[in-house]
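The sequence shown begins at 1 in our numbering and counts up one residue at a time.
Quick caveat, the hints were computed from the structure, so don't treat them as lab data.
Ideal Cβ positions, reconstructed from N, Cα and C, are used throughout, including at glycine.
The following label-pair restraints were derived from C-beta to C-beta distances: (1) Arg351 / Gln127: 41 to 49 Å; (2) Ala343 / Asp20: 53 to 61 Å; (3) Gln66 / Asp433: 23 to 31 Å; (4) Asp29 / Glu266: 45 to 53 Å; (5) Thr181 / Asp88: 31 to 39 Å; (6) Asp398 / Pro259: 19 to 27 Å.
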Amino acid sequence: MTTTLDDAATTLDALRGVVDGDVIGARDDGYDEARSLWNAEQDRRPLAVVRATSPADVAAALRVAQDRDLPVAVRGGGHNTAGGGCCDDGVVIDLGPMNRVVVDPVARRARCGGGTRLRDLDAATQQHGLAVTAGMISETGVGGLTLGGGMGWLGRKAGFAIDNLVGAELVTVDGRVLRLTEDEREHPDLWWAIRGGGGNFGVVTEFEFRLHEVGPVVPVGLTFYDPGQAADVLRMVRDLEPTLGRDVGVGIFAISAPPAPFVPQEYQLQPVYVVGIAGFGTPEEHAALMDRVRAAVPVRFEMVTPMPYTALQSMFDDSVTWGRYAVYEKSAYLGDLDEATIAVFTEHVARRTSPYSQVIVDMMGGAYADVADDATAFGGRRDAGYTVFILGLTEPDDPSSERPWVRGLHDALVDVGKRESYVNGMVEVTESDVRRVYGERKYARLAAVKAAYDPANVLRRNANIRPA
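Turn these sequences into a full structure, and let the hints guide you.
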């Protein structure tokens with residue numbers, strides 16, 4: 001689609017006439033900031049960015065975009081690797097101003113706007129010693145994370161973010177504002193679909209979560225290892241998993257060690273394997289588990305300390321700084337860390353070429369598997385033992401150099417594990433990819449819901465479900 005200056009001007013005028021929030025065009029101050037995304041490779045130039053302040057603003061922006069046949073992008077936190085939060089020559093609906101969090105500590109509920117970031121949600125809930133599953137990077141948007149599933153340190157204790165969603169406010173493409181709840185009777189298929197089916201069915205302007213007692217201080221242990229110890233580390237985690245209760249979150253990280261004070265000089269910025277263990281039980285239980293970890297494989301160095309839960313949630317933020325890297329991502333589920341998987345993992349991880357690239361292995365189990373597969377639209381594997389995120393991070397002027405490595409590791413893991421990707425960990429999203437993630441039966445049900453609520457596929461800058 002080719003747009004002219006007149007197209008841009010008339011679109012901006014039309015939006016400013018019906019929207020209360022700011023409307024930012026290419027000639028306005030703040031345009032580059034308004035269109036920026038976490039992934040530096042995604043550089044898009046919309047006609048307008050609407051800083052929505054209410055569901056009415058969202059409905060108005062959707063109406064103007066459709067009247068003018070313009071593409072629409074919905075921006076929650078702007079952290080989507082594929083750049084779904086922006087578009088060329090279209091209208092971006094930025095939910096950023098809608099970031100208010102209200103906590104009811106007695107009912108253990110939190111309501112937050114569609115533009116809330118995880119750090120905002122965590123900060124508000126932790127004032128009452130409460131939390132909900134919310135990723136591992138604090139600047140991620142609540143919306144994108146939740147609508148695709150939502151993993152994090154708390155997952156084994158509390159399940160996916162969608163498993164704790166008890167209500168949502170949603171604006172449909174025809175401008176209706178719907179309030180959905182966990183005992184939904186009027187729109188049951190829509191309530192099912194938004195819990196895992198992504199932003200395909202409307203713009204969610206508010207989420208309501210069930211909360212759990214957490215923190216405000218939790219014991220955390222990071223043990224570091226040489227790359228040559230990788231196979232032993234993976235076996236150690238595999239052997240620990242059946243003995244662990246739900247009050248523990250475990251991750252394995254293949255990264256470059258940060259230049260932090262606790263890291264010996266010779267290890268700084270060098271490849272390492274890290275086992276991260278967050279305890280949500282007693283300090284004594286965490287200490288006993290750390291002793292077992294130390295006894296299993298010699299630790300090169302460690303950081304074991306109590307810390308605020310909010311610090312745990314932001315601990316890895318500096319490794320994926322906003323706008324710093326071009327990012328290419330894939331993910332895969334693993335049934336187990338068997339010997340064939342360990343061989344593939346260690347061989348391919350050693351081939352990474354960028355010091356910024358990283359692999360994250362999130363231990364599943366516990367509450368992740370409590371909810372029946374058909375109860376939500378989640379497209380992943382609740383029965384998986386682990387989820388692997390493969391992030392190729394490079395300088396912005398060299399975005400493609402790490403892609404062969406990411407694809408190679410992903411394809412090898414899928415081949416050995418016979419399991420597909422997590423919808424929130426996909427940067428190349430074709431229709432066949434999406435069908436494989438959800439499976440034909442779930443995809444058909446999602447496509448029917450899409451046809452009912454977005455028959456023209458207005459909301460398509462996502463892991464798209466085509467209308468039936």
